[in-house]
Amino acid sequence: MRETHDPGDVSGLRPYVLTGGRVTAEGVAFDMLVAVTPGTAVRPRTREGREVLRALGDSYLTVAEVAARLRLPLGTTQVLVADLSAAGVVRLFGAWSAGQDPTDGHHHTLALLGSVIDGIGEL
Amino acid sequence: MESANSDPVPARGGAPATAEPAPVVVKVIVAGGFSVGKTTFIGSISDIEPLSTEAAMTEHSLGVDDAGERATRKVSTTVAMDFGRIALPGRLWLYLFGTPGQDRFVFMWDDLARGAVGAVVLVDTGRLEQSFQAISYFESRGVPFVVAVNCFDGVARHGLDEIRDALAVPADVPVVYTDARSRQATKETLVRLVRHAMDRIQHAA
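Chains as they are written, first to last, in the numbering used here: chain Y, 2 to 124; chain F, 1367 to 1571.
There could be a bad hint or two in this list.
The calculated lysine to aspartate or glutamate pairs, modelled on EDC-like cross-linking and capped at a C-alpha distance of 16 angstroms, are [said to hold, decoys possible]:
1. F:K1553 x F:E1386
2. F:K1553 x Y:E123
3. F:K1553 x Y:D119
Quick caveat, the hints were computed from the structure, so don't treat them as lab data.
Work out the full structure: start from the sequences and follow the hints.
Below is the structure:
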C-alpha cells in the first residue's frame, strides 16, 4: 500500500485534463473486461485513447490491467474506456457476480465455483 | 481492426484472442494489513507479474451553498491496488485483488466486494489488530472469507484456535495457516475459500 499526500504533486493534473474534466465513468467497473470492437475503423482522437487500444491489442484485459499497463490512475482509465465504449471502439464485458441466480438454487454459481476449484487443482 | 492497433505480440495460432468469447472474470479479494504479504500471495500463483494501479480514493461531500451553487469538498488520496490473474480451464479468469485492510480504505471495498467469490484475510500474528477491520467488514456484508495466517518463517507461533479467539471470528469461518511465498499453500488457501463460499450458498436458507 502506498499513499501520496504531497500537495506539490501535480501528477494528478494531466489525467484530469485528458479526460476533459470528467471524473466519473459510470458503468465502467475496474474489473470489467475490455476488448477492441472487431472491425472497428474508428481511430480515437486522443493519444491516450490510441494507447488504450494498443495496450489491448487483440486480447481481453480488465480495466485495472489497462490502467496498470498504461501507468494511468484507475479513474482516468475508466473515463477513457467509457469514452471509447461510447464511440463503439471497444466492447465491455461485466465480471461474473456471485449469487445472481437464487431462483435456480444457485446451480450456476455452484457449478462455476466447482470449476474454479477444479481449475486451481489442475494448476 | 486497424493494424496500428495490433498488439506487437501476435496471438497464438494467428487468430485474435477476441475472436473467442470473452472469458468469465471471477474475483477474489486479498485483504490484510500493511506488508502482511498480499502481493507475495498474489504473485505466488498469478500468471502475470502482479500489477499495480493507483486508485484515487475521493470522498465527496456534496452540498448546496447559500447561493444555490453546488459545493464540493473533496479529500483525495491514492491507494495502490495490486492484482494478479490466473487463467483456469473453461475460459475462467480468476483475479486476485489485493487491498489495504485499514479502516480508512473501507469505502473502496464495496466496489471490490461486489460480485466477488469471497476474500482471503491475510493475517500476521504479530499484528492481529490490522485485520479486525477487514474481518468485521466482510462479516457485516455477508462476504465469505477465510482467515489465512501467514507463517513467514514456516513456523506457526500461535495455535489456530488462539488466533480465532483473538479475532473473534465465527465458528464457521475457516482459519488456516498459509505461506504467501508458496504456490501450493496459496492454491490450498484459495480452494478453502471457494469451498467455504459454496458451503455458505448450500447452507443458506
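Status of each hint after checking the structure:
1. F:K1553 x F:E1386: With a Cα-Cα distance of about 27 angstroms, the restraint between F:K1553 and F:E1386 is violated, given a limit of 16 angstroms.
2. F:K1553 x Y:E123: 10 angstroms, holds
3. F:K1553 x Y:D119: With a Cα-Cα distance of about 11 angstroms, the restraint between F:K1553 and Y:D119 holds, given a limit of 16 angstroms.
The earlier numbered hint that this structure contradicts is number 1, and it is the only one.
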